[in-house]
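Colleague: Now for the letters of each chain:
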Amino acid sequence: MSSCDEIRLASRDLGGGLYQADLSVPGMRCAACIGKIEKGLAQIPGVETARVNLTAKRVSVTWRGEVPPDLIGALDHIGFQSHLASGLQEAGDPELGRLIRALCVAGFGAMNIMMLSVGVWAGADGETRQIFHWISAAIALPCLIYAGQVFFRSAWTALRRGHTNMDVPISIGVCLAFGLSLYDTFHHGPHAYFEASISLLFFLLIGRTLDHVMRARARTAVAGLARLAPRGVTVRHADGRREYLPLDRIEPGMQLLLAVGDRVPVDGQVVEGASDLDCALATGESLPRPVHVGQAVPAGVLNLTAPLVLVATSRAETSFLGEMVRLMQAAESGRAAYRRLADRAASLYAPVVHAAALMTFVGWMALGAGWHASISTAIAVLIITCPCALGLAAPMVQVMASGRLFASGVMVKDGAAMERLAGIDTVVFDKTGTLTLGRPRLTNLADLPPEDMAAAGLLAARSNHPISRAIAAVAPASSLALTAVSEQPGLGVEAVIDGHRYRLGRAPWALDRPTERSTGTLLTRDGRLVARLELEDSLRPGAIEAVEALKAQGLSVLILSGDDEMVVGDLAARLGVTDFAGGLLPADKVARLEALAREGKKVLMVGDGLNDAPALAAAQASMAPAEAADIGRTVADFVFLHPDLDAVPMTLAVARRAEQLVKQNFALSVGYNVVALPLAVVGLVTPLIAALAMSLSSIIVVANAMRIGGRAVGPVPQQAPAPEVKTPPPTPAKVAA
Amino acid sequence: MSSLVFLIPLALMLGGGALWAFMWSLRSGQYEDMDGAAERIFLDDEDRPGAD
Numbered sequence: 001m002s003s004c005d006e007i008r009l010a011s012r013d014l015g016g017g018l019y020q021a022d023l024s025v026p027g028m029r030c031a032a033c034i035g036k037i038e039k040g041l042a043q044i045p046g047v048e049t050a051r052v053n054l055t056a057k058r059v060s061v062t063w064r065g066e067v068p069p070d071l072i073g074a075l076d077h078i079g080f081q082s083h084l085a086s087g088l089q090e091a092g093d094p095e096l097g098r099l100i101r102a103l104c105v106a107g108f109g110a111m112n113i114m115m116l117s118v119g120v121w122a123g124a125d126g127e128t129r130q131i132f133h134w135i136s137a138a139i140a141l142p143c144l145i146y147a148g149q150v151f152f153r154s155a156w157t158a159l160r161r162g163h164t165n166m167d168v169p170i171s172i173g174v175c176l177a178f179g180l181s182l183y184d185t186f187h188h189g190p191h192a193y194f195e196a197s198i199s200l201l202f203f204l205l206i207g208r209t210l211d212h213v214m215r216a217r218a219r220t221a222v223a224g225l226a227r228l229a230p231r232g233v234t235v236r237h238a239d240g241r242r243e244y245l246p247l248d249r250i251e252p253g254m255q256l257l258l259a260v261g262d263r264v265p266v267d268g269q270v271v272e273g274a275s276d277l278d279c280a281l282a283t284g285e286s287l288p289r290p291v292h293v294g295q296a297v298p299a300g301v302l303n304l305t306a307p308l309v310l311v312a313t314s315r316a317e318t319s320f321l322g323e324m325v326r327l328m329q330a331a332e333s334g335r336a337a338y339r340r341l342a343d344r345a346a347s348l349y350a351p352v353v354h355a356a357a358l359m360t361f362v363g364w365m366a367l368g369a370g371w372h373a374s375i376s377t378a379i380a381v382l383i384i385t386c387p388c389a390l391g392l393a394a395p396m397v398q399v400m401a402s403g404r405l406f407a408s409g410v411m412v413k414d415g416a417a418m419e420r421l422a423g424i425d426t427v428v429f430d431k432t433g434t435l436t437l438g439r440p441r442l443t444n445l446a447d448l449p450p451e452d453m454a455a456a457g458l459l460a461a462r463s464n465h466p467i468s469r470a471i472a473a474v475a476p477a478s479s480l481a482l483t484a485v486s487e488q489p490g491l492g493v494e495a496v497i498d499g500h501r502y503r504l505g506r507a508p509w510a511l512d513r514p515t516e517r518s519t520g521t522l523l524t525r526d527g528r529l530v531a532r533l534e535l536e537d538s539l540r541p542g543a544i545e546a547v548e549a550l551k552a553q554g555l556s557v558l559i560l561s562g563d564d565e566m567v568v569g570d571l572a573a574r575l576g577v578t579d580f581a582g583g584l585l586p587a588d589k590v591a592r593l594e595a596l597a598r599e600g601k602k603v604l605m606v607g608d609g610l611n612d613a614p615a616l617a618a619a620q621a622s623m624a625p626a627e628a629a630d631i632g633r634t635v636a637d638f639v640f641l642h643p644d645l646d647a648v649p650m651t652l653a654v655a656r657r658a659e660q661l662v663k664q665n666f667a668l669s670v671g672y673n674v675v676a677l678p679l680a681v682v683g684l685v686t687p688l689i690a691a692l693a694m695s696l697s698s699i700i701v702v703a704n705a706m707r708i709g710g711r712a713v714g715p716v717p718q719q720a721p722a723p724e725v726k727t728p729p730p731t732p733a734k735v736a737a
Numbered sequence: 738m739s740s741l742v743f744l745i746p747l748a749l750m751l752g753g754g755a756l757w758a759f760m761w762s763l764r765s766g767q768y769e770d771m772d773g774a775a776e777r778i779f780l781d782d783e784d785r786p787g788a789d
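Which chain is which? The protein sequence lines are C and W, in order.
According to my numbering, the first sequence holds residues 1 to 737 in order.
According to my numbering, the second sequence holds residues 738 to 789 in order.
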């Protein structure tokens with residue numbers, strides 16, 4: 001069984017014959033599930049331990065032995081669907097660990113220094129004040145070195161590349177505040193800003209950590225969805241021996257065995273068998289494509305009806321999938337040009353503040369105040385204007401907004417994505433799998449006699465073909481007996497009922513005397529027509545409303561699809577979209593998006609397939625449904641979990657509201673600086689005033705950010721999360737042990 | 738004044754202790770599975786965090 005081989009490939013070797021495999025089990029949600037899963041797995045021979053992580057919806061199993069236990073089968077047996085977790089997340093998140101440790105150290109330092117400072121403000125003077133200052137300095141120095149690194153590194157990287165970001169004024173302010181305080185402490189000065197410098201780091205690290213947690217949470221949730229690319233494939237060697245090999249060891253010329261329900265791992269050519277392939281994710285075609293010996297098949301398509309033997313024509317990295325990755329990397333340069341709001345604000349803000357500090361210094365020198373007094377005042381200006389609130393302004397709002405979206409079933413990759421989304425003016429949809437569900441649906445059920453439908457349902461139940469499944473799903477139950485059932489890949493299903501030969505499938509095959517105009521899916525008895533089944537790809541729920549809502553907001557809506565031009569046209573007409581194109585290759589889609597970008601349009605791309613992945617990367621912002629190809633989910637900024645396309649206007653509304661709040665926050669913190677700056681310039685700011693002002697402005701900014709959580713946003717009502725997707729609450733800390 | 742000689746080190750030690758305790762809880766994986774920890778109290782059998 002290939003799933004066992006996959007478990008072997010996915011397991012980590014813990015040494016001593018012990019292996020660890022991580023499985024994602026999306027269905028677990030309570031204590032009973034934990035107990036059932038852990039007990040059920042522990043009973044399998046070979047399994048050492050099984051430990052559930054409910055937050056991540058994963059179970060990690062350690063096992064020993066030659067053959068891996070059938071974990072997926074065992075979980076299936078107790079009623080849980082599971083799949084192997086992707087290897088990306090296993091390494092833990094060292095960056096988050098670093099941030100949290102820095103946050104703890106800064107918090108510890110800030111609290112203790114503040115305690116001593118309160119003593120100074122309360123009137124300690126003489127030697128007592130001096131001792132307090134020295135102890136503060138002793139606590140502040142290691143904190144600054146340890147916790148400040150986060151900002152110093154990023155500031156240094158930005159400066160080396162010749163531009164500034166928010167971290168440059170922060171680093172300069174914090175370091176100068178510490179330096180001046182140390183100098184004053186040496187010279188028995190009355191004021192020291194140690195608490196300002198460390199509590200600033202603390203506040204800013206809160207914003208930074210929240211931002212990181214939000215992104216990590218979305219990544220975990222997205223990685224927990226089903227993966228599509230196979231880890232390996234069964235190879236038939238020249239001597240007839242069969243071996244399950246990992247994907248990167250597949251060489252051109254190898255014979256690959258492909259079971260029903262497997263995805264084609266690398267580009268190949270069919271050498272044995274005939275089947276139908278579901279190309280929806282790879283090319284955007286909505287109807288399955290029959291294949292037979294000699295035909296080439298691209299990597300990523302799904303084998304539907306019969307086993308195939310392929311001969312590989314490429315390696316994994318040069319196959320269709322690899323080609324998409326390369327196109328994506330080429331396309332991503334467009335997005336890298338976007339600069340975050342906070343950085344843009346900093347690039348305006350930093351020169352003004354630094355100029356003001358310099359002018360203060362020059363001014364006081366000109367007035368004859370002396371070196372020390374002039375430098376002190378200039379540094380007080382830097383401290384009071386240090387963009388604490390500015391540093392919190394964007395991340396706080398984005399964390400709140402992403403929490404809101406998370407509750408509505410939309411995963412946000414990072415805060416910058418939300419800013420990019422807020423600026424869009426054009427929405428480009430893919431067709432298959434995005435506007436439609438990518439699954440055919442029977443449309444003329446009401447016109448068909450129930451007894452015919454019963455026969456069709458019986459035949460259809462014997463096949464994996466998506467059309468058959470659609471028919472079987474709606475057919476009434478029947479007690480008729482089927483004999484001599486056979487499925488003809490690419491054609492249909494045949495069986496004998498009551499001595500009559502029934503066929504369900506393509507018209508030219510199902511009819512004895514087909515004419516030129518015989519098309520579509522038919523049910524025939526002894527070669528004569530019984531019923532014609534009309535099928536079409538069903539629209540995703542909320543598609544019409546979503547397109548209308550977007551158009552009502554003045555956005556232009558386009559459909560770009562890899563499917564047949566005529567099919568795309570029909571759908572576009574139903575949705576009221578005038579601008580559409582069909583038959584596009586992945587590179588064509590990217591070219592269209594680049595053309596739009598040259599016209600100055602800011603595009604949101606919504607797509608799901610492998611063929612959309614480069615376009616998703618090329619667009620200013622991108623969204624993908626949860627059932628998209630994993631490469632698409634990885635590259636998309638937003639992933640929506642519910643089938644409803646409402647998610648698109650809803651996300652847009654939240655993003656716009658978030659941008660509004662971020663701008664308000666910037667205005668608030670700049671406004672506060674405008675008030676505080678004159679005080680600082682004339683030298684009236686004491687450490688007490690600086691500390692009060694800083695905390696106050698941070699609290700105001702955070703309180704303003706909270707407003708996004710409470711009020712319903714935009715015209716779209718908040719939707720309740722679907723029962724099967726339980727959204728985990730925010731995790732305060734998740735660090736690899 | 739003389740009380741400060743032991744009060745300040747005491748305060749710092751308490752703060753340092755809290756910092757160490759938090760770091761320890763972080764490292765031993767107690768924040769790994771917040772939802773799971775909440776639900777596991779309903780299970781009757783032996784159970785330790787971080788057993789894996």
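What the hints contain is simulated information worked out from the structure, not anything from laboratory work.
Predicted model, so just to flag it, every value in this text is computed and none were measured.
A portion of the hints provided could be inaccurate.
Stated by the list, open to error - For each label pair, taking beta carbons as the anchor points, the in silico distance ranges come out as:
1) Ala-369/C with Gly-753/W: 33 to 43 Å
2) Ala-369/C with Leu-744/W: 30 to 40 Å
3) Glu-536/C with Ser-762/W: 55 to 65 Å
4) Ala-407/C with Pro-746/W: 28 to 38 Å
5) Gly-554/C with Gly-753/W: 53 to 63 Å
To be verified - Per the computed footprint, the stretches of chain C lying under chain W, defined by three or more beta-carbons under 8 Å from a beta-carbon of chain W, are:
6) 52-61
7) 447-453
8) 456-466
9) 675-688
Built from N, CA and C at the ideal position, the CB exists for glycine as well.
Colleague: Each hint: holds or not?
Modeller: Hint-by-hint comparison with the structure:
1. Ala-369/C with Gly-753/W: 33 to 43 Å: holds (41 Å)
2. Ala-369/C with Leu-744/W: 30 to 40 Å: holds (39 Å)
3. Glu-536/C with Ser-762/W: 55 to 65 Å: Once the Cβ atoms are compared, 56 Å apart, the range 55 to 65 Å for Ser-762/W and Glu-536/C holds.
4. Ala-407/C with Pro-746/W: 28 to 38 Å: violated (47 Å)
5. Gly-554/C with Gly-753/W: 53 to 63 Å: With a Cβ separation near 58 Å, Gly-554/C and Gly-753/W satisfy 53 to 63 Å, so the hint holds.
6. 52-61: That given contact holds, which follows from 6 residues of the region 52-61 of chain C lying within Cβ reach (below 8 Å) of chain W.
7. 447-453: Three-residue rule not met by the region 447-453 of chain C, so violated; n is 0.
8. 456-466: Violated - the region 456-466 of chain C has 0 residues with a Cβ nearer than 8 Å to chain W, which falls short of three.
9. 675-688: violated (count 0)
Of the hints listed earlier, those the structure fails to meet are numbers 4, 7, 8, 9, in rising order.
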